[in-house]
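From the two separate chains plus the hints, produce the assembled complex.
From first to last, the protein sequence lines are chains R and X. Numbered as in our numbering, the first sequence ends at 252 without a single skipped number. Numbered as in our numbering, the second sequence ends at 377 without a single skipped number.
Be aware that one or more of the hints could be misleading.
[As the list claims (entries may be wrong)] Straight line, CA to CA, 25 Å or less: simulated BS3-like cross-link-like pairs of lysine-lysine: (1) R:Lys11 to X:Lys251; (2) R:Lys229 to R:Lys121; (3) R:Lys121 to R:Lys228; (4) R:Lys35 to R:Lys51; (5) R:Lys122 to R:Lys35; (6) X:Lys179 to R:Lys11.
[Said to hold, decoys possible] With the C-beta cut set under 8 Å, the calculated list includes, among others, these residues of chain R facing chain X: (7) Arg12; (8) Thr16; (9) Asp83.
[To be verified] In silico contact screen, one side only, chain R against chain X (beta carbon under 8 Å); selected entries: (10) Pro9; (11) Pro13; (12) Leu100; (13) Leu199.
Just so you know, these hints were derived from the structure itself, not from any lab. All C-beta atoms in this analysis are idealised placements derived from N, C-alpha and C, irrespective of residue type, glycine included.
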Amino acid sequence: MSEQPYKRPPITEAVIDIRFSEDLPAAELEKVSRDFASVYANRETVKNVVAQIGVPPNLEAAPTTQFNQHIGYRLASTDVTELLVLWPATLIVSQLAPYPGWGAFFSRFERDWTRWKKAVGYRKIVRVGVRYINRIDVPVPPEGYIEESEYLNIYAKYPDIIGNVAGYFVQFRAPLNDIECDLVVNSGGVPSPLLNHMSIMFDQDIIMERICPQNDDDIYTLLKKIHEKKNGVFEASVTDRARELFQQ
Amino acid sequence: MTSILFDRQRQGSTSPPLQMLKDALSKETMNLAEAIRTFLHSDPSPGSLLQEQPIAGLMQTSTTRTARVSVEPSLHERLFDALAEVKIMTSKVAMHLDKQWRQKLFAQLDSLHDPDEWEEGEEPLQQESFATFLKAMLAINPERRPGLGLSSLGHLIAAWTTGSDRLTIEFLPGDRTRWVLARAVSGETDRFAGDTPVSRLVEGLAPYRPDYWLRYAEQQDHQPA
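Chain X on its own, in the form it takes in the complex (with noise of 0.2 Å):
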């Protein structure tokens, strides 16, 4: 029996385009791999507007390209594309999510890109922080929902807060995070920090008891470590 394989560092080359193997290949053979090249096309669907669909690899034939039409994007404008950016990233992990989760995660998301509140200078949410912060809250299922905020350069930032102890966590492009841990112990405050892939974020933050912040229960029962 043959399997997938599991290898995240594993990058696909692909074979040379049929065009440069023309001098190759019988005229035969390049109407066969011209016959399967159309048989394979595929449209793409409309959620793909934006994003490309992630078989677009295997299947790039298509000399169609689609795209919002707008020469120079307004304020507005900027902020809805990042939205709807995010929004429609979040939809491929819906079904793993919580309905009321996901409600109040958009609309925190809606009122950090509040076109009224926004200063010159910030970055609307950048997808690849937001991907590293969907595969973070995925892999910790926190039951208590952080407060969010963005850094200037377009990172998410999520916090939760017991008493005056706090943990906060910015997702980085790249998979990456850094976090802060600060609790209040006789009366001084200690700080905990480390940057880690998300991958083994839930490792880097056992030590520290992380449930005092991301679970109910906890709370009452344990002090972190």
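Same shape as in the complex, but just chain R (with noise of 0.2 Å):
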């Protein structure tokens, strides 16, 4: 397969995630942020916050709260579809569309990965995913309703009874035993951003958390491999309709 298959890729966002053991100290992770600004032009400082809430049973006390928070950097390029996200235990390297095609990605992550590993030395790691969201446009016909299935092999399906429905969501997850890796798929219909158009959501997340790699060699394969089967998993997915749609 080419590069670049198709003319319009319907990938509105690619992820690679590298996730560790242990956090980095904070005043770590905040130098190494900079180091990264030679490469991304805006930098900015984000909180991820948790907050969980105990209810005690018949509450027989009060409830109880507990937050917690990380401080993060996320770093963009000028026209923000280059993305870096540095938590204290996880890397993130996110392209929005459009889409230059897996090699100029991954030459991004090797580029970041290369930096990040020169600047923290090694870190265990638990967790390494790669997700592909895509989007599905498909122009509204004179009938006023689209057959998800003429665009999608993953759908949900009705009893006629029910009649057309308004919206749907399916979520499945998958072992991938030739790769040891899990999938997790989601689709449904989303609103689109077109007029006069509706939108399905296709979006895969493949994750390693069994034997998870520890050197560069050894992640830059599996990377690889989760590539392959991913695409794998996206041109099983889809139907010819849905092709041409992605070539007009």
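Right under this line is the structure:
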């Protein structure tokens, strides 16, 4: 398959996500984020807050609340399509549309990963994820509805008594034993940003948590295997009618 | 075969929160519902930091929120945020846009938000106005790219000029547009104006032969009606 088979790839976001067993100290993370200033024009500090509320059985005691927060850094290219997000235990390289192809995306990951490793050294990896979010924009025909099965081979099926639906959402998780990963797929109707269109989201997340690679060569080999698998799952999941839309 | 309906007016209602049904459901059912809720949890993607993912309404079970850290944003930060938001909005339809036009659009937007040229009291570009602009541009697909300006309320204004004739469209929040055509006829200027939803912009302009402004070939061949 060529590097970029479609004239209008439906990818809205591509993500490579590496998670580590331990947090990087805040001062070190801040310093590392500054090391990327030469390759990302914009840098901002972000905060992730997790709120947990504990409610005792039968309200025998007062509810408790606990807040955990992490400071991270979000770096972006001038056009905000190339993103790098650094959290204490996570490195995320993300590409928004237009998708430049795997070669360019992977090269950027290699560049950022090399810079990260040079700055912080080896840290134990506990998860590697590759996620591709696609949106298929379908022109609305005169009859005012579309058959999702004409565009995707993954969809919700309903008995006739329900008739047409205004929205649906499907999620499943499947082991990919040949590459020792897991696949999570989210799909459903989403609001279209285009006039007179309906859109279907197809979100693939392929995750390695079983035996995570720990050196660069093994990480790159795994990412390439995941990418090939991702392409295989995508092509098997879309129909020729959807492919026509990506070429128009 | 069941299909998805196209209905832009439809506002979907959702089921009540699980906890509200606690006393009406058995413990086993609550456990099952909780297991499904946990299964359906999905982390937002990095690009969603400034904008909610469209599927968020279906999965608002997380108690995690991410936000930019800034107590009181400076002018530079406000302008950067406004630009970043509209650039991310553009990325969502970038596969339908010409690459050169996208680059030119960003250069125009950067210029409109130059901190050195910014005047006190001006509003940066509103996301809702920009959403209307994107829908309009993708619908009318103009060959000739417009000059852009900002109203004092942060609404984007696009203008096409052919000789002394001019088509100006203001993109309003809520998918509305306001437009004015001005053309010289026998030494006088005729003006026509309209206020239409973006979904009817093409129809609204059609009687005035907008290709005179929007297409290259039409400029020499046709005068507007």
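Evaluated hints:
1. R:Lys11 to X:Lys251: 12 Å, holds
2. R:Lys229 to R:Lys121: 22 Å, holds
3. R:Lys121 to R:Lys228: Measuring from Cα to Cα gives roughly 20 Å; hence the hint holds.
4. R:Lys35 to R:Lys51: OK: R:Lys35 and R:Lys51 at ~17 Å, within 25 Å.
5. R:Lys122 to R:Lys35: Holds: R:Lys122 and R:Lys35 sit about 12 Å apart, inside 25 Å.
6. X:Lys179 to R:Lys11: Violated, at about 52 Å.
7. Arg12: 4 Å, holds
8. Thr16: The hint holds - R:Thr16 has a Cβ within 8 Å of chain X, the shortest such distance being about 6 Å.
9. Asp83: 6 Å, holds
10. Pro9: 13 Å, violated
11. Pro13: 6 Å, holds
12. Leu100: Nearest chain X Cβ about 4 Å off; hint holds.
13. Leu199: 5 Å, holds
Of the numbered hints listed earlier, those contradicted by the structure are 6, 10.
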